[in-house]
Amino acid sequence: MVDGATILQATKRPRLIRWSVALAALAGAVVLPQFVNAYVTEVATTALLYVVLCLGLNIVVGYAGLLDLGYAAFFAVGAYTSGILTAEFGFNFWLTIPVAMAAACVAGIIIGAPTLRLRSDYLAIVTLGFGEIVRIIARNLDITGGASGLVGIERPEIFGFKLMQVQHFYYAFLVLALLTAFVCLSVERSRMGRAWFYVRYDEDAAAGIGINRVSAKLQAYMMGAVIASVAGCLYAAKMTAISPESFTFNQSLLILLGVVLGGMGRIPGVVLGAILVALLPEVLRGAGTYRPLVTAVALLAIMLFRPNGLWPDKRV
Amino acid sequence: MTLDLVIQQLVNGLIVGSFYALIALGYSMVFGVIKLLNFAHGDIYMNGAFVGLIVFSFMGLWVGNGWFGVVCALLVSMLVVGLLGVVIERFAYRPMRNAPRLSILITALGASMVLNGTALALTGGRHFAFNTDLGFAGVDISTVHITYTQMLLVAASIALMAGMQAFVSRTMYGKAMRAVSIDMGASRLMGIDVDRVIALTFFMGSALAAGGGVMAGAYYGSVHFFMGFIMGLKAFTAAVIGGIGSVPGAMLGGLLLGLLEAYGSSLPFVGSEWRDVFVFGTLILFLVFKPTGLLGRSVVERV
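Taken in sequence, the protein lines are chains A and B.
Letter by letter, the first sequence follows residues 1 to 316 of this note's numbering.
Letter by letter, the second sequence follows residues 1001 to 1303 of this note's numbering.
These are computed hints drawn from the structure, not numbers from a lab.
A quick note: this is a predicted structure, and the numbers were derived from the prediction, not measured.
Check the hints yourself; a few may be wrong.
[Stated by the list, open to error] Stretch-level coverage of chain B by chain A, calculated; a stretch enters the list once three of its residues show a Cβ under 8 Å from a Cβ in chain A:
#	region
1	1092-1106
2	1110-1116
3	1284-1294
We treat Cβ as the ideally placed atom computed from N, Cα and C, and that holds for glycine.
Make the full structure from the sequences, and use the hints.
Spelled out as structure tokens, the structure:
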């Protein structure tokens, strides 16, 4: 017999360790730019961008179990909405964020509502097409700057302080990553999060206990879309110039790889995966045309030999 | 739209449509048997074109760039790439057969990326010319010139599809395929070697895609590692239009999509740069209003 107190102790201690590790990692992330050069800060900023994107996609793939192959499209919707509004219409950067979120919601409904009623495979291939279509639209419209892209995006100001240097954006992305992680943590434990979890494991049983599976899936899909669009706003502000080629199918694949690599459905695993994915281009700098093959083999190997990722979810 | 343009686009639409139909057919067959969208299908088409080009170039040293070379390239490519499909099934899909749906889908995606990445690494991303010498003889309808090559391409793909339909509906193995697609477990209990039937389905589907690849390569005169990506999407659209899982549906969907695209892109407000958006819009409309397609039966979600 095991009494309650023992169980409580056994679950409490790892939680203490977990929180101290998380705090130590956070402290490390906060002081990092003070000790390294601009190149490392740049790579770290990219890593934080991927952390945000992977956490967002994790809601769709990890929590709700839907395969989204065009996630970069929502990232593009955010970046272009914010970029066009600041560069062409002189909007304040912070005001573009709610507009971008609304745009991502609309796009999410257009794609999600018809497809989520159907088999999950349909969503995968429709999102794949959607990713391509957003890129084609960005390339062919005048307002998006065509194939050469959109330039002259305003840098954001906060309390009279203008974000200019790599370090400033590093901290901006760090704040966004923390916010996203916080949202994911709270959503994971909410009624909605539990509904997603149930839908992912057994759709019919979930429907049987009264979960509206279509709206549960749509909520997950739109939430992921909104997170990507906010990341897109900040990305546009950091780059000041964006082009359709930043939002290709490969971008979507890298984000997906980040989610799968670390372990679908688990925040620390996804963060780890995102960081690894951001480091990948730096490691494979000399690989040239072999780079996509390495990514592909990594994805396939993970699925075949370690399907729950490098740092798996214990609930599985 | 003048009459000439109507005829010209009819020809274009039928040719492109027959490529779509061939590839959609493979999609549909594999889907019918294992209830899985084979993401690698577009890449298999691309590999088929490359294998065809290699065979064609070697043959060219002895027999020139004429018909004989193209036919040999077609047959060899169908055989080789059909076997490639079997290998992919064996190493990527079979181990995952009882895994959660999401894992199977991601594995399929991984298989597709490996094929694509290998082609990119080997070719360096270059376009390769597929220089055929098939002549320009043909018939003229008003001012539109239709070559015999174009007619033969359409006829050959229709023949391939008719052969497939006959195989599925008349032979013992075709019957086994239909049985597996209805109920895999019960088929196994009835003594059908399910693994073998699935492997055969992958072989035939991949061979059809390879046939389409060689024909498209020879027709357009160019082969590229990325050619399978958009083709995979459009073949899926064609399969959805016709009704996924249905053999005649795939043919109908392919031809319809080809025609729709040909006439659609000659509309003044669509134009060729918006062609893919137009096709995708069609797909979304079908998913909203007729997800079972024109000839499909309603599909029950596998539990």
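Tested hints:
| no. | hint | result |
| --- | --- | --- |
| 1 | 1092-1106 | holds (count 10) |
| 2 | 1110-1116 | holds (count 5) |
| 3 | 1284-1294 | holds (count 4) |
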